[in-house]
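K.L.:
Could you build the full structure based on these sequences and the hints that come with them?
Listed below, chain by chain, are the residues.
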Amino acid sequence: MPKKIVVVEDEPNITEAISFILSRDGWEVSTHANGETAAEAVRAAAPDAVVLDVMLPGRSGYEILQDLRADPEFAALPVLMLTARGQKKDRDLADRLGATRFMTKPFSNAEMLKALREIAGDLD
Amino acid sequence: MAVSGLTGSRIRERRSAIGLRQADLARAVGISPAYLNLIEHNRRRIGGKLLVDLARELSVEPTQLSEGAEAAVLSQLRDAAARLSGAAAGQAAPELDRAEELVGRLPGWAGLVNAQARRISELERLVETLSDRLTHDPQLAASLHEMLSSVTAIRSAASILTETRDIDPDWQARFLRNVREESQRLSDSAEGLVAYLDTGGDMTERPLSPADELAAFIEAAGYHFAPLEEPRGGEAEIEALLETADTLRDPGAIAMARDMLGRYLADARAMQAGPFATSRTATDDPGRLAEAFGVGPDAVLRRIASLTGADSGLVACDGSGTLTLRKPIAGFSLPRFGAACPLWPLYRALVRPSQPVSALVEMPGRVGRRFLCHAICMPRATTGFSAPMVFEATMLILPAPDAGGPADPVGSTCRICPREGCAARREPSIMGDQG
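Protein chains in written order, with UniProt numbering: chain A, 1 to 124; chain W, 1 to 435.
It should be emphasised that the hints constitute simulated quantities derived from the structure, not laboratory data.
We put the CB at the ideal spot given by N, CA and C, even for glycine.
Hints are not guaranteed to be accurate.
Covered, in the sense of this in silico footprint (three residues per stretch, anywhere, with C-beta under 8 Å from a C-beta of chain W), are these stretches of chain A [stated by the list, open to error]:
id	segment
1	27-40
2	90-99
The following label-pair restraints were derived from C-beta to C-beta distances [as the list claims (entries may be wrong)]:
id	chain 1	residue 1	chain 2	residue 2	range
3	W	R380	A	G58	43 to 49 Å
4	A	D71	W	S159	30 to 36 Å
5	A	K114	W	D188	31 to 37 Å
6	A	T104	W	A236	56 to 62 Å
7	A	K114	W	L140	48 to 54 Å
8	W	A220	A	G58	49 to 55 Å
P.N.:
If you want it as structure tokens, here you go:
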């Protein structure tokens, strides 16, 4: 059974590229672009991993992560944070809020696949 | 030759240097040779017209003869030393006690030190502004974010296109379209960013704040604007002055200068130069002049300053004590950045709104220069009964004879003030045991 992943990202062309490579890699991908409803969407999908962008309309990725981590059911969910800012304070904040991995844009497709395989365990 | 800090000695040195006889110089400025002799031996203090006449005959600037110039250069040198104190570890400290010697013997080098110190503070402020801008500029942040998003999408799509061997033609077309779209967006945002940074490039040419530009504008004019003294002077003359002022470049500074000139115009209309001069021969009391012309005492102080050239200085401050108007006068050193001496009558007036303050003050120095200061604090136009009142204090600074009676000791600003045991001191001085 394919593993499920939710991509929370508001740039349509980035979403499309990520979805494409993840699907080819065997993931079952669903996407979400709105920050305000993202936490809800993740809960409903109950995925095996999440790709979460920081800059989203409505709510930031940090706030969404905080929500998810506050819920025991999602406290251990693998989350890959994506941001266009790679400063130390951004990294530290992501760490503190419980991000599983942190990746700065632009990233290579191979890097992203590798990171997701590592944090979500090998695919069947 | 011993270096003397006194005006008389300097006149004598200069006269000998150009080979002029005492009697000839005395005749040229209309005084007796005996009197000139007293002056040259520092037995008579001079200033005003006589100093100007002597300077003209000796072909030097009056300030080169007066102590004011030396005091100003000295205080700038001390300020320069204060700014870098501690920064130059492992290097001999500047000989503060020999600053006068430097000014006397090597005025050119002293001037260079001061010019460099000024440039350094300007550049420091520029760096601060720029780093603030990089950290906090929302437009810059948004623009960079946009570019990074495009680059991310392009990189990802390009890699899909090149690395996916059996890619479906529909998908291929889709990613090609994405690449085209995102490259267009990337080039637009890059252009926008370049245009934005290009405009910002002007900043290197105007490192000063609008307040500093305004101060430079007022100083260059000596707080006297001839076109506004004409009976027909009005808004058009104000705009012409603003346009021709090369010290004013920042739009904020221009707006501030427009307000300042508007007020100047109102003062000049209410107190026309001719009648005002006539009234001043009858009384020099700012309060009486205010009554005679039906204006506020602060307007009278400004008006006197605007009509008396180098013989007066003027400062104004807002409720926070920040200087908002500054016309310098030789010997009364106005700090360029930061706060001034809290003992200035200006600040005494600030805490007692509407009550005039007149005081004889003395600046520190071997021969303390004395000034008669008139100050008053008035409310500025308010916006209503419920709004907080906004006050402004104004101080006129007039030279006073050096002898006779007690004077309040004041300074320029704490860092370069030698006065010990001053109750108003807010930070230590770099001047050590001087004064």
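K.L.:
Now, for every hint given, state plainly whether the structure supports it.
P.N.:
Outcome of the hint check:
Using a Cβ-Cβ cut-off of 8 Å, 0 residues of the segment 27-40 of chain A lie near chain W, which falls short of the minimum of three, so the contact claim is violated. Counting residues of the segment 90-99 of chain A whose beta carbon lies closer than 8 Å to any beta carbon of chain W gives 0, which falls below the threshold of three, so the coverage claim is violated. Taking the beta carbon of each, W:R380 and A:G58 are about 45 Å apart, inside 43 to 49 Å as hinted. One distance hint, 30 to 36 Å for the beta-carbon pair A:D71 and W:S159, holds here, with the actual separation near 35 Å.
Taking the beta carbon of each, A:K114 and W:D188 are about 33 Å apart, inside 31 to 37 Å as hinted. Separation of A:T104 from W:A236 is about 57 Å and conforms to the stated range, judged on CB atoms against 56 to 62 Å. The hinted range of 48 to 54 Å is not satisfied by A:K114 and W:L140, whose Cβ atoms lie roughly 33 Å apart. In this structure the hint that W:A220 and A:G58 lie 49 to 55 Å apart at CB holds, the actual value being about 54 Å.
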